[in-house]
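So the protein sequences, as listed, match chains U and Z. Numbered per the working numbering, the first sequence finishes at 755, counting up by one with no gaps. Numbered per the working numbering, the second sequence finishes at 755, counting up by one with no gaps.
It should be emphasised that the hints constitute simulated quantities derived from the structure, not laboratory data. The C-beta atom is built at its ideal place from N, Cα and C for all residues, glycine as well. Please note that a few of the clues may not be correct.
As the list claims (entries may be wrong) - Incomplete in silico selection of chain Z near chain U, CB under 7 Å:
hint	residue
1	L50
2	L130
3	M134
4	K157
5	S337
6	D567
7	W681
8	G690
9	G694
10	A731
11	A732
Number of protein chains: 2
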Amino acid sequence: MHTGSIFRVPLTRSHGKALAHRSEFRQARRIVVKLGSAVVTRGDEGGLALGRLASIVEQVAMLQNQGREMMIVTSGAVAFGKQRLRHEILLSQSVRQALHSGQNQLKEMAIPVLEARACAAAGQSGLMALYEAMFTQYSTCTAQILVTNLDFHDEQKRRNLSSTLHELLRMNIVPIINTNDAVVPPPVPNSDLQGVNVISIKDNDSLAARLSVEMKADLLIALSDVEGLYDRPPGMDNAKLIDIFYPGDQQSITYGSKSRVGMGGMEAKVKAALWALQGGTSVVIANGTHPKVTGHVITDIVEGKKVGTFFSEVKPAGPTIEQQTEMARSGGRVLASLLPEERGEIICRLAELLTEKKEDILNANKRDVELARSSGRLSLQLLNRLSLSSSKLNSLAIGLRQIAVSSKDSVGRVLRKTRIANNLELEQITVPIGVLLVIFESRPDCLPQVAALAIASGNALLLKGGKEAAHTNKILHQLTQEALSIHGIQDAIQLVSTREEVEDLCRLDKLIDLIIPRGSSELVREIQKAAKGIPVLGHSEGICHVYIDSEASIDKAIDIVKDSKCDYPSACNAMETLLVHRDLLRTPMFDQIIDMLRTEEVKIHAGPKFASYLTFSPSEVKSLRTEYGDLECCIEVVDSMQDAVDHVHKYGSSHTDVIVTENEETAEQFLQQLDSACVFWNASTRFADGYRFGLGAEVGISTARIHARGPVGLEGLLTTKWVLRGEGHTAADFSEQGSMKFLHENIPVSHRTLN
Amino acid sequence: MHTGSIFRVPLTRSHGKALAHRSEFRQARRIVVKLGSAVVTRGDEGGLALGRLASIVEQVAMLQNQGREMMIVTSGAVAFGKQRLRHEILLSQSVRQALHSGQNQLKEMAIPVLEARACAAAGQSGLMALYEAMFTQYSTCTAQILVTNLDFHDEQKRRNLSSTLHELLRMNIVPIINTNDAVVPPPVPNSDLQGVNVISIKDNDSLAARLSVEMKADLLIALSDVEGLYDRPPGMDNAKLIDIFYPGDQQSITYGSKSRVGMGGMEAKVKAALWALQGGTSVVIANGTHPKVTGHVITDIVEGKKVGTFFSEVKPAGPTIEQQTEMARSGGRVLASLLPEERGEIICRLAELLTEKKEDILNANKRDVELARSSGRLSLQLLNRLSLSSSKLNSLAIGLRQIAVSSKDSVGRVLRKTRIANNLELEQITVPIGVLLVIFESRPDCLPQVAALAIASGNALLLKGGKEAAHTNKILHQLTQEALSIHGIQDAIQLVSTREEVEDLCRLDKLIDLIIPRGSSELVREIQKAAKGIPVLGHSEGICHVYIDSEASIDKAIDIVKDSKCDYPSACNAMETLLVHRDLLRTPMFDQIIDMLRTEEVKIHAGPKFASYLTFSPSEVKSLRTEYGDLECCIEVVDSMQDAVDHVHKYGSSHTDVIVTENEETAEQFLQQLDSACVFWNASTRFADGYRFGLGAEVGISTARIHARGPVGLEGLLTTKWVLRGEGHTAADFSEQGSMKFLHENIPVSHRTLN
């Protein structure tokens, strides 16, 4: 994180009106961060949670250095004071003891019970010194403000406070506000903080709310030890974190018991938040103690990520992503229960609609293309991908009809049938995986294609398209829903709002069963990284090799190398490394291959062994594990077919690798030994493709070692379930004392020819 | 983390002799933690990395509070001083500017270049104050010690220093040692820390080493910004982090360029480490800046986890785990290339050996059982699982022969064959997944079984057994290797040392392709959590339902409920929730079911709806999503079959669910709609099992939605690859201008009956 640099983000927000969407938080100029005692203190001993404090300071300083006006409402003086007083006592006892008895008996010393207000008074100076030392590291100045709630009731005091704070903000200083605990009434005993009576910390909730409104802050981030607001007490079955909470929703939630530390239970927090919201400050309640997110919870919120519960006045139209997923899943279940012909019917209807509504689609697409062109954000290549044409739509419709045909026998196919015992029959049948999330970039023609694949396989589908194709995607999705509506299941396929972040979607691991990224390898890599607990179907690397054996045919070698490298250099199945048998060096074949590559303007890099054979070598490769994705390749020399196999195992990505040879035995050895998803003999790497393989619709190419591998057809979207039909059979019937015996007879099933 | 409690771990280590294994670090009493400047400072601006500092303080304080004697050798005074001086200048400028020109022009102010020694002097007091404030939070005292390397050369100074440090340690104080930068020679300019000349920080490496030896520390943890020592410069192809480095290994590594911050390149660090090692202090060099591990890098090292590079004098016998994995993979490749009969032969030989060497096996097992019994660590149940008997070995051998039979047609089976074009034929064939890691608990009979499964499927295998079965596992593994040796591939199956931590194994994501935990659901859950990027075959939850429909047969209902719950209550396929149709309440059938459960001593919990029907209800469930795993179950009332399906979808774990009804239509609806791995009609949940399903050998039960689902047989250990054989075909041949057309004809393959 670049924290210290004093560049400033454009902050266009005007103060005093609550922000409508999380995406507007980026423009928030004035932000109050409230740190509950659970955030600032450790649970076990009540001391400060220094790591969290440091991380909060870092984030606040970074936001301040972006030109925002940050204020902190903090707890922690009691905790600091407690440790300090305890420390003093221990230290003096320790010295005394060391002088007298020797060593190592400190542990049994009793810790006195300390009064909270005294602790607060003793701790406040140390706490501020710590804040100052920390903020100093980010070249940021701080100031201490001690207030009580009463200060807001006295008009004169309020004005004084406000003017002081404004002056501090103007001077680029971060005010650190705390309740003036020394002057509050004596505390109610509370056993949570061992040995300390806790001060009525709920004051900090209303204090932060009042302060935010008084100072016309754009955003109040209230951090405590809960993830946010749940619709029922967390821990209960199906309790759900509320993403956005509207003032009108208040009846829909059930509050649980108070939070562990502090007396400000959830209800008080919500009350304070709604009060601030009414006053024009947006509020987010989030967890500041979660070890995984603490490092960037504040900046994540400001960047608009889905963290905690956002209190908003504006209820956006449409369902939340969680609701969409649920609708999709239940729609998908009906889809899966349809007859195959009915699913085919929907797909054909969608194909028809692409032709019928061609004008509307092209008009919507035109809007996207014009917007993209005028914004100048897209390259010509991406613009081409974005634009639809009449002929593109036609071939799309043809493809859809093919999917409709291939969908005939996908769901509910019996793979295996076993007679376990008399009247006890087992079937293994294909079923949909569940809810798919397909993330695709600019190409809007992806949408109907993916929709058809999901329909054909009986899966529910969430579609997340690029912003640049928003209008096109919208109409294509409407047409998909129209097609689905002939069987009343328009909900089975949902278009995810462009506002949803991919990263947030990748976290929905209980809702989504499989993620399929369709786009660049960067997209795939990004999603593989972001997906937590959800499998991703795809590959992020394609380092494909062509090995020219000593017994290769010269014509085949040249054709295959040329096709593999030059047909479409940026494809994942393009050749990246050419392995040449040592005996071919300085032969006419080798020279012809080099000549061809030169003619095709392929830039050649030399592997270390190849370079050692040459007097004047081309630039040596940095790594033999490079995916050039362009008219570039590496050439390396190997001693034998076996050496080639070893090279590929060491540096390849198990995608597609080819041997060119006339010797069948060598070829079969290569095909057998090489451990890649696709292994070819005398054929171009470019055949590694679902369409060329004849799989019908292609879902993607996978380099994973489980589930689907290589080009994936419709079958990659299916799993199986086991159906057992009995007449009251029990396991005990088959025990030694039981009356039954296992038969385990295979019952033949009519295998359709797989296609 | 419980940090503050002053309990103490038994530290039996005597000072002054280097520890031989990481596992001995737990007993280290005196530990020096060296913090390189890269750890203590942020890269961007040179300020302190406060979060890291706080986390280091927390870990050191925790270890200190365990009764260890901790010392810190720190950098950071320069960074603190720089920020402080800069801050002072900014502050004064800021006030001046605010008074004059208004606001917000601070950013353009020039930052003066500051001299490093002056910064160090200005920063040392602040740095110490920060350490003290932080350690105070853990009730730990600190003391400042400033030294130069020269202090170690002067005998008198050295003795004074040593005696002071001993006195501090005796008083339970953490000495914080830094070089006395104010008195060192002027620094060499260095552009890394913007605006500051860096002091020759490599002194801290040798300082820490000298100090460790002088103080007879057991362990020196040297933290910097590298993961540890690599065998070649990191970033190069196949550069590997060295886990354990021995003094004799020095020739085998190549040093790269110096690390970014600081002048102490890797070579200097290694030199210092070897020096300390010679003096009797073990050393670990590790990364203290990695965000994911920083939070517990020090405690992880002390707990013996594989972090960084350990400098050890003792070279342990045998290969490292990485070497074992590589040996297994290459052995596995040969195994996969054998004829099916040859693999069967190995398995049969292993079965024979179990009988031939019965005496030896039982003797080894007796040792394990006796050790476990005398240690008193194992429960009677676990002891039973641990003990082998002659009859157990016999049935094991029979099982193995069955696996040998079922292995006949597993690897290399053609699943699909397509004529893509003339002379271009595609095959999809089954191949092994690669390297499996099987983790099993006390049962040693698991070993030959798993080994046979791996051999049958052509997979390489790493076996990680429990410590308590070490002797038995060792001999069983030797016999496995003996069997493998008939085809010269004893390396294909490796027994992992009991010293290796499961967590470390789960991180080997480039080396291991699939993890299979065999044991309790806790084991599975733990491994699913620990596995980073490696798929885990298994299930952690089995919340199985039996639904009694209004049209159920009373006898079948009673038999099935009894069998499902009572046959083996702790099994994952035991019933946890009984769903009863509303109409059955207060019928004789319902009363009989309750009577049966009472007779079987099954504790009943009531779901909320069931409870509402009763005047006196049993205890209401806390959650409808509970796996009791014991003679306990939940009963809930549903309104219809549809309601039952919805309940299972909401609260189930998609493992196994049953309907009991005489109405075929209702049953088929249930079987069709319910989305679980196993759905049964009128049969006990207990049939969800590979053996009962007739899958031959059972690999496990999976509740994942991809790859394998439900009970998994040998097929779960296989994946596929695509083999294409052509005659120089290129993709261009099939373009519009090309000469060829796709045929995509399916060529029938002789489907074996799946078993």
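Once the shortest beta carbon distance from S337(Z) to chain U is found, is it less than 7 Å? This interface hint holds because 6 Å falls under the 7 Å limit.
When the nearest CB of chain U is found for K157(Z), is that gap smaller than 7 Å? violated, 25 Å
Hey, does the L50(Z) contact hint survive, CB to chain U under 7 Å? Check passed: Cβ of L50(Z) comes within 3 Å of chain U, closer than 7 Å.
Measuring from the C-beta of G694(Z) to each C-beta in chain U, is the shortest one below 7 Å? Status holds, d = 3 Å.
Holds or violated: is the Cβ of A731(Z) closer than 7 Å to a Cβ in chain U? Check passed: Cβ of A731(Z) comes within 4 Å of chain U, closer than 7 Å.
Restraint outcome when A732(Z) is required to lie within 7 Å of chain U by C-beta distance: holds, 5 Å
Classify the hint on D567(Z) as holds or violated, based on whether any CB of chain U lies nearer than 7 Å to its CB. The hint holds - D567(Z) has a Cβ within 7 Å of chain U, the shortest such distance being about 5 Å.
Does the nearest C-beta of chain U fall within a distance shorter than 7 Å of the C-beta of W681(Z)? holds, 5 Å
Next item in the hint list is M134(Z). Is there a CB on chain U closer than 7 Å to its CB? Since the shortest Cβ distance to chain U is 5 Å, the answer is holds.
Quick check on L130(Z) please, does its C-beta sit within 7 Å of some C-beta on chain U? holds, 5 Å
Minimum Cβ distance from G690(Z) to chain U below 7 Å? Status violated, d = 11 Å.
In terms of the numbered hints stated before, the structure departs from hints 4 and 8, listed from lowest to highest.
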